[in-house]
Structure formats: structure tokens, C-alpha cells
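Student: Chain by chain, the residues run as shown.
2 protein chains.
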Amino acid sequence: MHERPLILVTNDDGITAPGIRALIEVMNELGDVVVVAPDSPQSGMGHAITVSTTLFVEKLKVDSGPQQEYSCSGTPVDCVKLAVKEIIGRQPDLCVSGINHGNNASINVIYSGTMSAAIEAGIEGIPAIGFSLGNFNWNADFEPAKPYVLKIAENVLKFGLPSGVVLNVNIPNLSKSDIKGVKICRQAKARWEEEFDKRQNPHGRDYYWLTGKFVNLDNGDDTDEWALKNGYVSIVPVQFDLTAYSVIQNLNNWNIND
Amino acid sequence: MHERPLILVTNDDGITAPGIRALIEVMNELGDVVVVAPDSPQSGMGHAITVSTTLFVEKLKVDSGPQQEYSCSGTPVDCVKLAVKEIIGRQPDLCVSGINHGNNASINVIYSGTMSAAIEAGIEGIPAIGFSLGNFNWNADFEPAKPYVLKIAENVLKFGLPSGVVLNVNIPNLSKSDIKGVKICRQAKARWEEEFDKRQNPHGRDYYWLTGKFVNLDNGDDTDEWALKNGYVSIVPVQFDLTAYSVIQNLNNWNIND
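Same order as they appear, the protein sequences are chains F and L.
The first sequence finishes on residue 484 if you use the numbering used here, and the numbering steps up by one all the way, no holes.
The second sequence finishes on residue 484 if you use the numbering used here, and the numbering steps up by one all the way, no holes.
This is chain F alone, in the form it adopts within the complex:
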């Protein structure tokens, strides 16, 4: 890389979130940064795109850094699409998403707007990383995460990523001295055990709040959940070819064409 790389930064907590501010600060050390991020929180949006309404984009300045910034009324995936096609007008050298306020390890990768933005960039052929911190608070401390974000992004800029793969990076909510290092992991088998909080509105109509607790069903010591519980930063290489290749033969034994 002879010139400074062009880095696209996005997230799902919204453009003013402390997590994206920390990510922008680190990326400004590595390249020329363009931020295109949602104008409001988009957590839990998964890989949603905006097809039935219009998208607004606003150039703005949130802090005094050298980056260019744009807010967008759409989802994280919309932000990546708009950035590449309309705002930058070319593929960036790297797309980073986050730092998410809250863990996106194991099955959370499926629900995560942060990871969907990274996956969208990957689909478009851009090396991409989603970063998340295991702390939901708006005032979470992103300082211990920064050296890992820097190192991982440097490695991706240097070595690239295989086609069809993006990285899901989770950082445990620990002090700098308590983080033990980085582990390359597989996605733990886990799920959410839903609990619906049923209430009645002032007009007597029932409604629900979706809540739930996370259940890890996986005892493997090669998973992202294990790494995080044991003080490591986890990196899971994530693919968007969802084909379960090992099952194809099995299904061919069905008599479905009889």
C-alpha cells in the first residue's frame, strides 16, 4: 500500500455513539477516513435494507478529527451501500463497523447490525471487520480495546482477507492489563431464551416487550464465548455463503422427485 488507505467507518449504534468515536480515532492513525453511519440507533436490525421508504444523507461534523462524516436515515447495510455508490464513489480499502456497545459473539452475529454492515462490505468485495465490546453502556470504556482494533486492522490492511470472509471481533469488557491476547475462534453454538414482558397500555390493549437471556449450549474451548470468558479478544472469520455443504448428499437421498 503506497498511499494512505481509504477506510470506511460505520456502526449500528448511531453516528454520535462513543464506540464509533473510538473507532474513528484509531482509523485516523491508519488512513483517510470516511464515516457513513445511521443518524439514530439501529441495534437488532440484522441485515435489513430500506426498500419501502426513502433515504436521507447529511454531511456533518461530530468531533474535531480529520475524517469526513455523513449521517444516513437508513440501516447499517444502507450506509455501506450508499457510501460505496454515492458518497465515496469507489470501493474503500477497508470497512470497519463498530465499536459496538455490546457483545456480538456466537449467534448474535445473526441479529447484529454492526456485523451486517461488515458482511455487506464483504459481499461487495471490501475487506471488512466488525468490532464489538462486551459492555452495553453508553459510557463503556473503549480505551482497552483500541490497541487491539489497531493491530487487527493493520493486519487486514497488510494481509487482506480471503474472498467471501469478514471478521467478527469481540473485545471483553476488561481493563488493559486483564486482556490476555487474541484468539482465532469458531462461533459458539448458543441461542437466546426469549422472555416476553406482557403489559397493558392505557387503553386496555395488551402489548409485549421482547427480552431474554443468552444461553451458551457449547462447551468447546475453541469458541468465541470461551475466549471472551477467559479474557481473550475473539476473532471469528465469518462467511456469507450459508450453504451447509455436508448436508447436500443427505438431502439427495430423499425421494423428492418421485
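For the record, the hints were derived by calculation from the structure and aren't laboratory data.
Certain hints may be false.
Note that the list lumps identical chains together, so a pair holds whenever it fits in one copy or between two copies.
[What the hints assert, rightly or not] Here are the simulated EDC-like cross-link-like pairs (lysine to aspartate or glutamate), alpha carbons at most 16 Å apart as the crow flies:
no., residue 1, residue 2
1, Lys311, Glu420
2, Lys311, Asp423
3, Lys415, Glu350
4, Lys384, Glu421
Knowing the structure of chain F, use the given hints to seat chain L on it.
Tutor: Relative to the frame of chain F, chain L by itself:
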């Protein structure tokens, strides 16, 4: 299976869509049917969940069939969660989603609310199938799809599905006599080439409509796109462990812990 199986039906086009009516009609032949589907279209919602607002559920009757029906103000994934935890109160024997008005083959699996509902059921351990027809029209003809929907659902009820796998079934928009049969396939490598339609609102502010064209980058004759183009119903076994296992060793060669 001694008793009639309990079948959960959902979709992303909304509870009144002709596609879900066709699916309910077929499922009524196979078991006792409970429908929990969005009260309005949710296309392109991906695996979105509703965490920042409340969910309303309404018992209703859309046609004269024997099924129980509920509409929900949330996303397709919300519908599955609510159905299992609050409405049915136990795991159904099968969850089917669709029939979607429009193709969900290849990379569309990532953006599809129809498939996300099936994937959510799969995460919860329920055998699940998403069905889609290659015709976006509200007045699409679902008749040719019905025998295939029946046969595939029967096979899943009979043989089950491996843990961690759901089926993505796409049906070509052809007459009954022109459909050649069923092929088990892999997901074609493809992507959307975005085109943003930039306009100005009456107050002089720019906005965008997201449009685009589908680009198949994959010449393989074992893909879902190939099958559909050649007159076959495609079945792709889809997994939600997104780990790119083959890349783990490669990443371990990085000097990320130095």
C-alpha cells in the same frame, strides 16, 4: 408421527398476502396450523428484531380455513419468537415461511425476512423451511408451487433436518408442466449492483431510493441460480454457524499477539 403435527406458518409479505394463503392451504393438509405473521409487509428486514419498541398481537380470521391466525406488529423473526413463547407456548413440529412473492435464492438469503424467520426457527431447534416464488407480483400464480411445497414439507416431517440446518426453497415462475423437478443446490455467488435514484423533495432536500440489479458471478451448474434458470425448484440447505472454518489456520499465521 402419530398425531397430526403442529405447524407454524409465517412470512414477510404480511398476513394477508396471497403467498401465505397458498402456504396455509397446503399446510392444512398436513397438520394443525397456527399462523403468526406480520400485520404489514416486512420485505428486506433481514434478521431484524424489535428491541426498541413494543409488539402488538391480534387474533384474527383472514379466510375460512381451520387454522388459527394472529397478526403481529413486529418483524418475521419477532413473529417466530412470539409464536413459540407466548402464542403456542411450545415448539411446533415444523415452521414454514412464505410463500414469498419474489426469489430468495443466492445472496438474497441474507436480506430475506422470509428466510430469517426460518433461520430463527432453526436456531430454536425447530425444523424449518422458507419457500419463495420467482414472481414479485401480488397476483402471482402459486398453484404450480403447491405440489412441491407439499412434497418438501412432507419429507421434512418424515426425515427431519440435521441440527443447525434449515431449507431455502425457491420455485421458478413457470407453469406446472414447465417445472422439471427439484434440485439440491449450493448458494450461487452473486450480489446486488446498487443504483441509487437521487431525487429532491418539495422542500429542496435531496433523498435517495435504493434500487439495483442482481449480478450472478457464478457459472456453476450446482447452484440455486442455475437450477431456477433451467426450470427446477432449488433447495439449498442453509446453516447459521457462519464460521469460515477453512480460514482459521490462515489467521493463526498472523502475528497478532506479538
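Student: Check the structure against each numbered hint from earlier and tell me which ones fail, lowest number first.
Tutor: Result: hint 4 breaks, nothing else.
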